[in-house]
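There are 2 protein chains.
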Amino acid sequence: MRIVLDAMGTDGAPETEVAGAVRALRELEKDIEIVLVGNQDILQAEVARHDDLPLDRLHLEHAPDRVLPGEASASVLRKHPESSIVKGLRLQREGEADAFVSAGSTGAVMAASLLILKSLEGVDRPAIGTVLPTAKEPVLMLDAGANVDCKPHHLVQFAHLGNIYAQDLMGRERPRIGLVNIGEEPEKGDELTLEAHQRLARDPGLCFVGNIEGREIIQGSCDVLVCDGFVGNVLLKFYESVAQFIVGYLRRHLQRASTQVELDEALYVLDYSEYGGAPLLGVNGVSIICHGGSSPNAIRNAIRVAAQAVRTEMVEHVTRELRSKEPA
Amino acid sequence: MRIVLDAMGTDGAPETEVAGAVRALRELEKDIEIVLVGNQDILQAEVARHDDLPLDRLHLEHAPDRVLPGEASASVLRKHPESSIVKGLRLQREGEADAFVSAGSTGAVMAASLLILKSLEGVDRPAIGTVLPTAKEPVLMLDAGANVDCKPHHLVQFAHLGNIYAQDLMGRERPRIGLVNIGEEPEKGDELTLEAHQRLARDPGLCFVGNIEGREIIQGSCDVLVCDGFVGNVLLKFYESVAQFIVGYLRRHLQRASTQVELDEALYVLDYSEYGGAPLLGVNGVSIICHGGSSPNAIRNAIRVAAQAVRTEMVEHVTRELRSKEPA
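These protein sequence lines are chains A and B, in that order. Numbering (my numbering) for the first sequence: 184 to 511. Numbering (my numbering) for the second sequence: 184 to 511.
Next comes chain A alone, as it looks inside the complex:
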């Protein structure tokens, strides 16, 4: 299989991306080929710094342009047709590749993915999934920011998208679906969650476990957490920053060097890079969005996740499931 890696996305591009690709080629399954998209001269120089590469599985695709952070994402196709994001996604669209990974601007990757790959039939609004560490197993939360102002049936679609991702990519046989809400009881919530709760509860294709309060999220009492993109985005960013804050605080206040080492080990569980990027779910293809601050290891793991989505035929799985659903 071929996985396209946007080489111009991270803060440390393209060194970080190339290093991540090298790790992936060395450590992951040998049927994986990687297409690095970016400025060819720079990429060639960067690749040359690594020895003993399996060059038959590493390809370069020239993209002279790059989408910079903060640019309006809606016009990315028109303004940046030669960018690594647009050219990379087109490779997948044209059947030259099976998946796309980028640490570029989330808005730009999302907008370009929607325009180039298109939504799957039965999906009104593709959603960004994100894996959160919990006290038990990691949980997939979606939507993490693609859609604000959702309707109840959008949340039901998110539940189905998450249901399949949790099965195919996280090994959960019958994923427990929870709804982020302000109380456990079905009659708690705002207009959106009250109605979404009813719909989720009567959906025979889902194992709905009910409302999940803020304090329960971290308990890991479900596999998929459904919320609108506003709440999901605030929660995700808040979680990352609270974890960093507490860890930073402790690092300053726990003086002993041996304790620092222990702290590093203990905090491994909170390391997002293990989970490998946030999938855009509901598009006709595989598109994985990574942090701009990703490490080579995070890039490697995102490639691993992309490969697994291809291997499990996740997109076909979503297509089958949603086609069989009656309209909401």
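Honestly, the hints are just simulated from the structure, not real lab data.
Any copy, or any two copies together, can satisfy a pair, since identical chains are not distinguished.
Below are the BS3-like pairs computed for lysine-lysine, each with C-alpha atoms no more than 30 Å apart in a straight line:
1) K262 / K371
2) K420 / K334
3) K301 / K371
4) K420 / K319
5) K334 / K371
6) K301 / K262
7) K371 / K420
Computed from a predicted model, the values in this text were never measured in an experiment.
Given the structure of chain A, go ahead and fit chain B onto it with the hints provided.
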């Protein structure tokens, strides 16, 4: 001044409340009198366990009934007219006391406060404020759960309520007001926050510093954080649980006893009980809501906050400010 303390609210009632009241009487200003409301026989027995009390400043008010957790809060007045919450709030309403503190069910305290104390003129929806620890100074977030499905002008009212609380109770001269949102730019957000941003930005009575993303909350870059009650409730409960999760995780993984002691000291900053309860802002009186799991120290601190609200004439301050505002 007289502060009413619902003695039947915490999980450890009334021992916890009586112990908290005793601390408050001993440690806070000597013009504070406390009225404990609950079952008189039980309270008398509990009070008798403490020596050397300033009994001239400690009063008991009999309330034979108690609102239990999980009861429908809307009917609390009708179903529990003799409860400690209802009788306690009536004391304030009738001028027998200046403030009310309770660790009972948030919904019940809120509903009873609204019905008995009433909203202030110019306040459509009173809001629950809650103080969050940050990397710098604590920030007041509101609404923390009283109102879901808000309109933009509600968020502007929350901003004004928070503005006054931050001045009078937190010593912030010109509080910086932030809006919880999914991006820094004014054009980011959902329908609610887009419009609220515009209104906040053109309000001459507020020092609006713009949108605050999830990751910025913990930085402490503002004094008052405005959001609807759904987002605020999820954030608050999530914060508490993430902090507990990380701390618990570290406690298990950092073995050395001396490190555990260091950990305790370091985590003092995350101790909510220091901040003393969540005020219900916008009602015609002082009503402070505490956690059901409050310690005596948390109760003491809530009494301190209630006394400060009385001393600074916070309610009159809100009345002045909001009366002068044009209707939104």
